[in-house]
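Q: Sequences listed follow chains E and A, in order.
Residue numbers are given in UniProt numbering: position 121 of the first sequence equals residue 121, and the series is strictly consecutive.
Residue numbers are given in UniProt numbering: position 368 of the second sequence equals residue 368, and the series is strictly consecutive.
Take the hints with a grain of salt, since some may be wrong.
Cβ pair distances, simulated, as ranges [said to hold, decoys possible]:
| id | chain 1 | residue 1 | chain 2 | residue 2 | range |
| --- | --- | --- | --- | --- | --- |
| 1 | A | Tyr-349 | E | Glu-81 | 55 to 63 Å |
| 2 | A | Asp-243 | E | Lys-138 | 43 to 51 Å |
| 3 | A | Arg-253 | E | Gln-296 | 56 to 64 Å |
| 4 | E | Lys-156 | A | Leu-262 | 47 to 55 Å |
| 5 | A | Lys-531 | E | Gln-82 | 41 to 49 Å |
| 6 | E | Gln-82 | A | Asp-243 | 30 to 38 Å |
| 7 | A | Arg-309 | E | Asp-43 | 54 to 62 Å |
| 8 | A | Gly-375 | E | Gln-82 | 35 to 43 Å |
| 9 | E | Gln-150 | A | Gly-465 | 30 to 38 Å |
| 10 | E | Lys-71 | A | Gly-375 | 46 to 54 Å |
| 11 | E | Gly-157 | A | Pro-281 | 33 to 41 Å |
| 12 | E | Lys-71 | A | Tyr-349 | 53 to 61 Å |
With a straight-line Cα cutoff of 27 Å, these simulated DSSO-like cross-link-like pairs (lysine-lysine) come out [as the list claims (entries may be wrong)]:
| id | chain 1 | residue 1 | chain 2 | residue 2 |
| --- | --- | --- | --- | --- |
| 13 | A | Lys-302 | E | Lys-71 |
| 14 | E | Lys-126 | E | Lys-138 |
| 15 | A | Lys-524 | A | Lys-246 |
| 16 | E | Lys-138 | E | Lys-149 |
| 17 | A | Lys-251 | A | Lys-302 |
| 18 | A | Lys-523 | A | Lys-246 |
| 19 | A | Lys-100 | A | Lys-192 |
| 20 | A | Lys-251 | E | Lys-138 |
| 21 | E | Lys-71 | A | Lys-246 |
| 22 | A | Lys-251 | E | Lys-143 |
| 23 | A | Lys-114 | A | Lys-100 |
| 24 | A | Lys-459 | A | Lys-492 |
If you are wondering where the hints come from, they were derived from the structure by calculation, not from laboratory data.
The model shown is predicted, which means the values in this text are computed figures rather than measured ones.
A virtual CB, placed ideally from N, CA and C, is assigned to each residue, including glycine.
One-letter residues, chain by chain:
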Amino acid sequence: MEEVKNGEKLTLVTRKPCFGLPTACPTCLPVYIYLRFAQLPFDVEYNLIYPDSDQIPYVEFGSHVVYNNEKGGVIQSLKDEQTVDLDSDVSGIPEWVSTKAMVESWLAEAVMYELWVGSDGSSAQKIYYSDLPWPIGKCLYFKQIHMVKQLLGITKGNAERREEEIYRRAATAYNALSTRLGEQSFFFENRPTSLDAIFLGHALFTLHALPETSVLRSKLLDHANLVRYAENLKAEFVDADSSSSSVSPSRSDPSSSMPKRGPSNWKSNPKSKPKREKTEEEKKFKRRAKYFLVTQLVAVLVFISLLGGSNDAEVEFEDGDDGLDYE
Amino acid sequence: MAASFEDNSTGQPKDDALKSTAPARTEPEEDNDNDDDDSQEEDDDDEEEEEDDDEDEQPPLTRQARMQSDRAKMEALFRRLSTERVPVRVHDVLIKGNAKTKDSLIEAEVEALKTATTVQELLQAAGIANARLQRLEIFDSVNITLDSGPPELPGTANVVVEVVEAKNPLSGDFGIFSKPEARSWSLEGSVKLKNLFGYGDLWDGSLAYGWDQTSEISAGLSLPRFKGLMTPLMARISLLSQDWSKFSSYKERALGFSLGLLSSRNHDLSYNLSWRTLSDPSQISSRTVRRQLGHGLLSTLKYTFKVDRRNSPLRPTQGYAFVSTSQLGGLVPDYRSLRFLRQEFDLRYAFPLGLLNAALNFGISSGVVFPWGNGFLNRPSYLPERFFLGGNSSPVCTLGGPTSILGFKSRGLGPAEPRRQVGENSTTESADASSEMDFLGGDFAVTGFADLSFDIPLKVFRDAGIHGHAFACTGSLTSLTENSYREFSLTKFKESFRHSAGFGIIVPTKLFRMEVNYCYILKKHEHDRGKTGVQFSFSSPL
C-alpha cells in the first residue's frame, strides 16, 4: 500500500504483555509473530480496558485500520491487501491448508477451554482484567466464562465428555504436528508461513501463560521437538528484536511481567483428574456414615425403650409409696 | 374554663375577648380555610367550648343580641392581634388521620410550631407547616387547626394536624422534561409509588427518550427525612444509553447509581458511581476515539452552587445568576478508575430596557476538565466527560455550563480528527468532507452571548407570550491534555473563537417551548458543522 511504502509505520494494538511474552492474549500473539516473521517495522500499543472486544488486535497505518473481526482476521486481511504475504507459495498445498485448519480449530478451542474453564482463571485475570477496576473485571470475567461455555457447547451434563474430547483432539493435533515438524525449523518449505505464526503463538502461550497444573501444557511438553521449535523461534524472532520496536501503553502502564521461565526447567504437574476417585470415595463414605447413623439410632431407641420401661415401673412404685405416705 | 391569655391591659374579662359570633363557626369554614387564616378557627374552637359553658351559666340572649356581641368580640380580637403581640404557648401537637404515615415524619415538619411564642408567630408557623406537609406529595389534604389548651393551663393552645392520606399510592406521568444532567430535553414516562413504608418515601420508575438519541431507564427513591437528616435523600439507579455515532463515532452505555446527599436552594451535593462502556459497532472511528473504547468505572462527587436571582428562568428581564459546578472523579482507592477534575462556571445578567418589555441578557460560561493521578500530563481526558459545543439549546435558558452556540449543529465544532478510511477512496476530496470527521470535544471551553428580547407589538402575540429576540454568540473549544497545553497561546486562543449572530421568534406552548431562529455564521473553522439559515429548537416548557 502506498502508505506503507512511504515509510509510515504500522501500529499494532494488542492486549497487555505479561508472562514474558510481548502480548499474552492468544489471539493477538500470532499477529505479532506474523509481523515479526515478515520483518516489517511496527510499533506496539496496548489496549487495557476492552477485554471483550473482538476488534482487537488491529493494525493501523495512516488512516487505514485492519480489524480482527473483518475479512477473516488481521493476517488474512494483510495477505489480501498484499501488504505482506508469507503464504504465497504454500497456500496451494493441501496438507498446509488442512494443518492450518486443524491448528485454527482444535488447538484454538483447546486454548480457549483451558484458559477460561479448565484452569483456575488466574492467567485470564492477569491478562485481561488486571487493569480494570475490580467490580467491572469480575462481571466481565463471569460473562466471558459463560460465553465460552456456550461457544464450546459445554453444559452441566456433558462437561466431562466435552473436556475429554477437547484434550483428545489437542493431543492428536500435537502428535500430527510433531510428526510433520520432525527436526526442521519450520513446518513447510523451511521458511516461516502464517501456519508457523499461528502455531508458535499457540505454543508460546501454552508454555508460558498457562499454569503448571494445566493438562494442555503437559500434553505439549510431551513433544520435545515442538517445545524446542517454540523456544528457538522465540529467541530468534520475538526476543531478539524486542528492543527495536517501541512500545507505548494506552491508558495506563501495564504491570511488570513475571520472570521468564527457561526451557531447561520446564515443570509440569498436571492436575490428575481425581474427580472420579473422589466420587467413589465419597459414595463409600456416605454409605458408611449412613450405616453408622442408623445403628446409632437403633441403639438409642432400644435404650430408651428399655430404660423407659424400667423407669415406669420405678415411678409407679414411687407413686404408690407416695400415695401410701400421703395417706 | 376559658383558655384565656395572660392579659392585664384591658379591664374586660378575658373570656369576652375570645368570644366571637357563634354562627360564624360553620362546617365549610373549617374545611376551606387552607390555614392561611387560622384566627377564626382558633376563636371558634375556643368559643365553641365557651359557648357550652356560657349557655349553662348565663340566661339565653336573643339571637340579634348574641350576634352583635359576638361580632364585637371578633373585632376586638382582631384589633388586639394587629396591634400587639398576644403571647401563647403551644401545649401539645395532636396528629390525626395518618394510618400509614409515621408520626415522626409529620412531627418533624411541624417542629417549628412548638417554639412559637405569640399568636401571630403561631399562625405563620402553621401556614409554613401546612405547605411543607403538602409538598411531601403523599397527602390528599392537610388541615392544621389551633385549639385551646387544657382548661387548667391558661395561655396555651393545642395544635391539631389532620391529614388525609392519598388513597391511590400509584400515579403515572408522561411529559416533556428537562433534566439538569442531560443537556437537552427528553420525553419521559414515569410511574410513582408514594409512601410505601410510611416514611414519606417516593419510589419511581421512569423511561426516557431524549432528543439527542439518548434513552434511559431508571428507578429511584426519594426520602424527605431519613433518620434526622435535614435534607431529603435521593437514590437512583439507571441504565443510560447514548448514541454519538453520527458525531463522534461511538456509543456510550452507562449503568449507574447516584446518591443525592445534600439538596438545598443554593447547594447540591451528589455522588455517582457508574460503569461506562464506549463501543464502536460501525468500526469507523478515528484514532483518538479508538484509543478510548472500552470500559471505565466512574466514581464522582459533584457539587453545585447556584444563585439565581433572575425574575424568570425562561425569559429573564432582570437579575443575575451564578452557577459553579465542580466534579471530582476517582474517589475509590482503586487507581484504575477514572480520575479527573471538572469545573464549570456560569454567569448571567439581565437588565430591563423599559420599552416593549425588552431586556438585554448577557452571559458567559466556561469549563475545564483535566485528569489527575500518575502521569496526568500525558494522559488524555476521558472522552464523554469533555466539553462539546453546538446544538440548538437556547443559551439564555440553559445554566448547565458551556454547551451551545446557536447556528452550529450538535457537537459541531472544536478539535476534529478524520475517521477511518474505508475502501480505496484515499482522496480526501469528497462532497461531504466534514461527515468523515469525528468531533472529539475539548478540555477548555468558553462561550458567551448577548441577547435582546422584546415583545412583538401585537396584542395577539403578547397575550400568547410569543416574543422576539436578536442575539450574538461566540465560543471556543481547545484541548489541553496530552501535552497540548504547551502549545497553548493567547493568539491561538483568540483565533479559536467562532462567532454567530441572528434573530428569531420564541413561541412558548404548554407542551414545549419552540424557537425559530435565523442564524448567520460570522466565523467558523474548516471542519465545523455550522450553516447559515433557519433553525428550529425545542425545549421544555418549564
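Q: Taking the hints in turn, state whether each one holds.
A: To see whether the hints hold, each was checked on the structure:
1. A:Tyr-349 <-> E:Glu-81: 55 to 63 Å: The hinted range 55 to 63 Å holds for Tyr-349 (chain A) and Glu-81 (chain E), with Cβ atoms some 60 Å apart.
2. A:Asp-243 <-> E:Lys-138: 43 to 51 Å: Given about 28 Å between the Cβ atoms, the range is violated.
3. A:Arg-253 <-> E:Gln-296: 56 to 64 Å: At 60 Å between Cβs, range holds.
4. E:Lys-156 <-> A:Leu-262: 47 to 55 Å: 50 Å, holds
5. A:Lys-531 <-> E:Gln-82: 41 to 49 Å: Holds - the Cβ-Cβ distance for Lys-531 (chain A) and Gln-82 (chain E), about 42 Å, lies within 41 to 49 Å.
6. E:Gln-82 <-> A:Asp-243: 30 to 38 Å: 37 Å, holds
7. A:Arg-309 <-> E:Asp-43: 54 to 62 Å: 56 Å, holds
8. A:Gly-375 <-> E:Gln-82: 35 to 43 Å: At 39 Å between Cβs, range holds.
9. E:Gln-150 <-> A:Gly-465: 30 to 38 Å: Given a distance of about 59 Å, which is not inside 30 to 38 Å, the answer is violated.
10. E:Lys-71 <-> A:Gly-375: 46 to 54 Å: 36 Å, violated
11. E:Gly-157 <-> A:Pro-281: 33 to 41 Å: 35 Å, holds
12. E:Lys-71 <-> A:Tyr-349: 53 to 61 Å: For Lys-71 (chain E) and Tyr-349 (chain A) the Cβ distance comes to about 59 Å; the hint holds.
13. A:Lys-302 <-> E:Lys-71: 46 Å, violated
14. E:Lys-126 <-> E:Lys-138: Distance of about 12 Å is within 27 Å: holds.
15. A:Lys-524 <-> A:Lys-246: 20 Å, holds
16. E:Lys-138 <-> E:Lys-149: Measuring from Cα to Cα gives roughly 17 Å; hence the hint holds.
17. A:Lys-251 <-> A:Lys-302: Given pair Lys-251 (chain A), Lys-302 (chain A) holds - Cα atoms ~24 Å apart, limit 27 Å.
18. A:Lys-523 <-> A:Lys-246: 23 Å, holds
19. A:Lys-100 <-> A:Lys-192: Given pair Lys-100 (chain A), Lys-192 (chain A) holds - Cα atoms ~17 Å apart, limit 27 Å.
20. A:Lys-251 <-> E:Lys-138: Answer holds: Lys-251 (chain A) to Lys-138 (chain E) is near 23 Å, not above 27 Å.
21. E:Lys-71 <-> A:Lys-246: 24 Å, holds
22. A:Lys-251 <-> E:Lys-143: Judged against 27 Å, a Cα distance of about 20 Å means the pair holds.
23. A:Lys-114 <-> A:Lys-100: 24 Å, holds
24. A:Lys-459 <-> A:Lys-492: 49 Å, violated
The earlier numbered hints that this structure contradicts are 2, 9, 10, 13, 24.
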